[in-house]
Amino acid sequence: MSAMDTTHDAAPAARKARGALDAGVRARLRGDLAFRVLMLALSFIAIVPLGLILVYIIVRGASSINWQFLTELPKPIGESGGGISNAIVGTFILIAIASVISIPLGMLAGIFLSEQSKSRLGTVARLSVETLMGIPSIVLGIVAYSWLVRPLGHFSAISGGVALSMIMLPVITLATEETLLMIPVTLREAALALGASYPATILRIIVPSGMSGLVTGILLAVARGAGETAPLLFTAFGSPFMAVNISKPMESLPHTIFYYATSPYPEWQSLAWGASFVLLVVILALNIVTKLVTSRWKIQY
Amino acid sequence: MEDPVLNPVVPTPTIESQGVAPAAEPGIILEARNLVAGFDGKDVVKNVSLGVPAGRITAVMGPSGCGKTTFMRCINRMHELASNAHVHGQVLLDGEDVYRLNPILLRRRIGMVFQRPNPFPTMSIYDNVVAGYNLNGARMPRVERDRIVEETLRRVALWDEVKVSLYRRGTFLSGGQQQRLCIARAMAMKPEIILLDEPTSALDPKATAAIEELVVSLKGVVTIIQVTHNIPQAARISDFTAFIHLGELVEFGPTRTLFTVPKDKRTEEYLSGKFG
Numbered sequence: 028m029s030a031m032d033t034t035h036d037a038a039p040a041a042r043k044a045r046g047a048l049d050a051g052v053r054a055r056l057r058g059d060l061a062f063r064v065l066m067l068a069l070s071f072i073a074i075v076p077l078g079l080i081l082v083y084i085i086v087r088g089a090s091s092i093n094w095q096f097l098t099e100l101p102k103p104i105g106e107s108g109g110g111i112s113n114a115i116v117g118t119f120i121l122i123a124i125a126s127v128i129s130i131p132l133g134m135l136a137g138i139f140l141s142e143q144s145k146s147r148l149g150t151v152a153r154l155s156v157e158t159l160m161g162i163p164s165i166v167l168g169i170v171a172y173s174w175l176v177r178p179l180g181h182f183s184a185i186s187g188g189v190a191l192s193m194i195m196l197p198v199i200t201l202a203t204e205e206t207l208l209m210i211p212v213t214l215r216e217a218a219l220a221l222g223a224s225y226p227a228t229i230l231r232i233i234v235p236s237g238m239s240g241l242v243t244g245i246l247l248a249v250a251r252g253a254g255e256t257a258p259l260l261f262t263a264f265g266s267p268f269m270a271v272n273i274s275k276p277m278e279s280l281p282h283t284i285f286y287y288a289t290s291p292y293p294e295w296q297s298l299a300w301g302a303s304f305v306l307l308v309v310i311l312a313l314n315i316v317t318k319l320v321t322s323r324w325k326i327q328y
Numbered sequence: 018m019e020d021p022v023l024n025p026v027v028p029t030p031t032i033e034s035q036g037v038a039p040a041a042e043p044g045i046i047l048e049a050r051n052l053v054a055g056f057d058g059k060d061v062v063k064n065v066s067l068g069v070p071a072g073r074i075t076a077v078m079g080p081s082g083c084g085k086t087t088f089m090r091c092i093n094r095m096h097e098l099a100s101n102a103h104v105h106g107q108v109l110l111d112g113e114d115v116y117r118l119n120p121i122l123l124r125r126r127i128g129m130v131f132q133r134p135n136p137f138p139t140m141s142i143y144d145n146v147v148a149g150y151n152l153n154g155a156r157m158p159r160v161e162r163d164r165i166v167e168e169t170l171r172r173v174a175l176w177d178e179v180k181v182s183l184y185r186r187g188t189f190l191s192g193g194q195q196q197r198l199c200i201a202r203a204m205a206m207k208p209e210i211i212l213l214d215e216p217t218s219a220l221d222p223k224a225t226a227a228i229e230e231l232v233v234s235l236k237g238v239v240t241i242i243q244v245t246h247n248i249p250q251a252a253r254i255s256d257f258t259a260f261i262h263l264g265e266l267v268e269f270g271p272t273r274t275l276f277t278v279p280k281d282k283r284t285e286e287y288l289s290g291k292f293g
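Sequence lines, in order, name chains X and L.
For my numbering, add 27 to where a residue sits in the first sequence, where the first one is 1.
For my numbering, add 17 to where a residue sits in the second sequence, where the first one is 1.
Heads up, some of the hints might be wrong.
Claimed, not checked - Just the calculated beta-carbon pair ranges, DEER-fashion: (1) E157/X with G154/L: 33 to 39 Å; (2) V212/X with E265/L: 26 to 32 Å; (3) F189/L with A44/X: 51 to 57 Å; (4) G82/L with Q143/X: 45 to 51 Å; (5) S146/X with G68/L: 37 to 43 Å; (6) S182/L with L230/X: 25 to 31 Å; (7) D281/L with S146/X: 42 to 48 Å; (8) L230/X with F189/L: 23 to 29 Å; (9) T158/X with F189/L: 39 to 45 Å.
Simulated from the structure, these hints should not be mistaken for laboratory data.
Glycine included, each C-beta is placed from N, C-alpha and C at the ideal position.
Go ahead and model the full structure; you've got the sequences and the hints to work with.
Have a look at this one:
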């Protein structure tokens with residue numbers, strides 16, 4: 028310390044200059060702190076309502092969850108109890124129909140976009156997919172209605188599945204494209220240089236290398252489709268019975284919530300809370316699985 | 018002088034290969050005739066004519082951006098994969114014009130190893146070695162596959178290091194091991210020619226020495242064309258050297274002659290470090 032002091036005494040001008048510098052640094056540190064506090068405060072404001080929603084659904088919904096709730100059909104007004112098994116089964120069937128349509132189509136379109144992004148068809152295709160992504164889900168419901176419900180003359184699960192597939196399709200396509208564009212070009216060259224055909228290179232090298240990203244995109248699309256209500260209102264419609272025939276109307280969790288929550292009966296309203304809770308758990312589970320897939324199946328190049 | 022890059026533990030093939038006596042002149046396996054190639058209408062390779070001797074190591078050297086990699090990618094028709102690429106002239110493999118062959122079949126006869134090791138990340142070491150067969154849908158009994166894997170890995174001196182971990186991912190290996198795995202992947206197809214595109218540029222000196230030793234040991238088994246901008250490396254391992262500058266073939270000849278008595282002034286300047 029004494030050596031340092033001597034230096035200071037020896038050069039008062041330098042010390043003064045350093046003092047000015049210190050003041051500048053202190054001001055910047057204060058600025059840093061203020062920004063940090065502001066950031067924390069704003070993120071807190073953003074997170075609190077989300078947390079409250081979750082807590083509210085859990086508090087109101089968890090109380091109506093029991094074995095009977097998950098396995099029984101809804102009861103007529105006046106009778107207590109009853110469950111939402113038809114809606115749980117219905118949601119799974121609707122998602123299955125939508126997945127069968129949208130996963131192959133979406134992945135193929137995504138592969139095409141990643142391969143031919145600069146071609147004219149590629150440009151048009153990407154614009155279409157991005158537009159489809161932005162179309163309100165109720166409009167897609169009307170499209171499915173005019174394509175299937177009107178010609179067939181009645182509501183059906185298949186029309187609901189088609190409506191959901193139009194919601195899932197762009198999510199899968201864009202996720203596939205983005206994933207495949209991140210695969211290093213050297214892998215493709217390695218495969219082609221071995222005499223692999225173009226399809227073999229794409230399907231056996233490029234796609235497997237991006238598998239975690241592809242699965243993530245599919246799961247996110249499923250989570251999105253599982254929560255849609257609007258397009259189901261005039262396609263799958265809803266049914267108080269256990270329906271497994273896909274040409275007949277079918278219940279779904281979002282529709283159950285919509286239907287029961289807007290009813291005047293407290294029993295039904297509590298069923299709606301329970302159904303919300305189930306839907307929340309399903310979507311939460313999908314998101315957690317997505318995170319696990321992304322971290323576990325991560326491929327290093 | 019102990020620098021492993023300059024003095025690797027390689028059985029330097031000075032006497033026998035750089036040929037006091039290329040006693041029997043090796044036949045020409047690959048010949049480029051007036052080859053012109055480039056991108057967007059701009060020529061990168063300008064009228065290169067060159068005959069590659071069979072079973073020997075031919076180095077293609079030159080400063081960065083001189084067109085040596087493009088030249089090599091014309092040989093196995095990887096160059097034309099870029100949509101803005103063009104190529105004229107002929108490349109003859111055993112007298113057949115490669116531009117008349119099916120590129121897929123051609124690439125099974127001419128293997129390639131890249132600058133950075135690129136084993137397939139989804140495949141085990143085992144599957145990487147036989148990837149060429151699997152990707153081409155070849156059906157063969159398990160024993161046959163096992164035999165190819167062991168034989169090829171022994172050939173690239175990787176067997177002892179990986180025999181206990183054949184079913185682990187190839188990407189777990191070190192950079193040098195990965196590159197040897199990539200050479201094994203190319204060699205497993207029993208190609209006539211193997212193209213090495215600066216295979217040691219991403220490796221440390223020790224791994225570089227191992228690759229050089231391996232390349233020299235492959236001589237006779239396969240014809241090797243190696244691109245490099247590492248002058249000492251070309252001198253150490255190759256039998257013949259082509260010097261390319263600004264897309265033109267400046268000089269081509271036995272490595273020893275080219276390095277000791279270059280005919281062209283540009284070769285001499287490049288070798289003495291005046292440019293590049």
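Taking each numbered hint in turn, which are not upheld by the structure, reported in ascending numerical order?
Hint 4 contradicted; others consistent.
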